[in-house]
Amino acid sequence: MTVRLAQNCLFAVLLAAFSGGCATENHFAAPTVLPKDDNHQSAFLRAEQTIENLFPARYCATQHAIVTVGGRQFTCDGLLEVSPTDGCHLAIVSSFGVVTDLRVNTDGGCELLKVTPLFREDWSRQFVARDLRRLFMAPANLQPAGQLADGSVVLQTPPDASGVTAQYIFSDDGARWQEMDLMQAGKIFYRATPKDFQKYPDTSAEIPGEFEVSAEAYRLELRITELTVAKEAQP
Amino acid sequence: MKLFAKHKITLGALLLAFGLNHAGAQTNAPVTLEQISVAMGRAQTVFTRFVQERHLSLFNEPLQSEGFLCFEKPGRIRWETTVPYKSILVSDGSGVAQFEWTDEKWRKLDLGLGDALQNVVSQIAGVMDGRYASDRRDYTATVTNRADEVVITLVPQNETVRKMMAAIEVHLAADLKQTRRVVLRENGGDYTDIQFSEQFVNLELPPKTFDLNAPVDIGKIRSVSANAKP
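Chains A and B, in that order, give the protein sequences. Note that my numbering has the first sequence beginning at 1458, numbered continuously upward. Note that my numbering has the second sequence beginning at 372, numbered continuously upward.
Certain hints may be false.
What the hints assert, rightly or not - Using 20 Å as the maximum straight-line C-alpha spacing, the simulated PhoX-like pairs for lysine-lysine come out as follows:
#1 K457/B with K444/B
#2 K444/B with K476/B
#3 K476/B with K1652/A
#4 K1652/A with K534/B
#5 K1571/A with K476/B
#6 K457/B with K591/B
#7 K457/B with K579/B
The set of hints was computed from the structure by calculation and includes no laboratory data.
All chains should be built: construct the whole structure from the sequences, respecting the hints.
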């Protein structure tokens, strides 16, 4: 009976969290992007290289995250394996075991490898896969969009089938990734801020040690606790 | 919903293991649940270091963490991770709180699962009171005597729980004075291996060890243990 009580209690909490979370919408003011001019070509090129080469081609990372949904907070760990052939493979583990396990292939497609009662399948496909794509995979088809008033360089993707555009903002010299916004119909509904850039063993570039994400249904504070560059597979 | 049943199993198995430390059983004598029940009545506090590895069948490397477990009757529990990040899950017996170390300070979370977690902690307290050992509806238990250790294998009776957690192994030193490991085996090959060291039983824990607003620093608890005999 006590077990049932605990289970029912958990179920109620999760329902409240998810339903509350789905009702939450974050909107940010879209920054004014000034048209690009020909005087900053090198900064745009540098920005493209920065995001393209940010993470090693093949690595394994462990992560720790605080997720806020509907005003309530949960913690979990992540185990991420990335390779140029297999894409991003992520398992999310809570204190209670594996929550979800998925792979985002190099073509952007999502493959759920493990579904558990602890996490809704559509959340894995919709939100976790999106975080993986946007935070840990270099975007394709980035085009120079212009600059912000403070000189920050802006690159963006063409609208996808849903009309969503990703806008990547860099320092004025293009060397440091500062922010990533997802926009639809002129409104930003997802903002990721990379923080705490640092070098990990065997990495040449400084990599974000943390990300803060504010999205339509949740807030994510993600920390990379360990990153190991994998050796190239022997032929 | 199965989440908490599993959590109960996990922490319950750990505390069951520590209770066994005081069974006083002889090396070759079979351990009975009655002995376990008696043993759990004797442990007022437990303080131990742990190293946890989660082995996921689809990954090459395990997910590792380490830290300290504190327990005090009745129902006070503190699970503190110190590496690779700092986090505290603590219950004072009446409520539960979680703290995360961010921006060089402790931050108390607005815990989403507080009520359910507290319910689970209450059940763990029941484990320490010996109710677990006398109530055999939840698990079937088998004891295996090996050359250098005793292994107790618990299999959940409930089929729903068993789908998530195939078995729990509690590895004890042959003299039952030390809990070496607890292994949580899931279906599909995943398992969690928790290894213990530096165990102290009936250590006088400092005030605020289980405080829900400002738990005492783990360094203070360790300094107390440094002057005690494991």
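Verification of the hints:
no., hint, in the structure
1, K457/B with K444/B, "violated (25 Å)"
2, K444/B with K476/B, "violated (29 Å)"
3, K476/B with K1652/A, "holds (17 Å)"
4, K1652/A with K534/B, "violated (40 Å)"
5, K1571/A with K476/B, "violated (35 Å)"
6, K457/B with K591/B, "holds (16 Å)"
7, K457/B with K579/B, "holds (18 Å)"
Hints 1, 2, 4, 5 from the earlier list are contradicted by this structure; the remaining hints agree with it.
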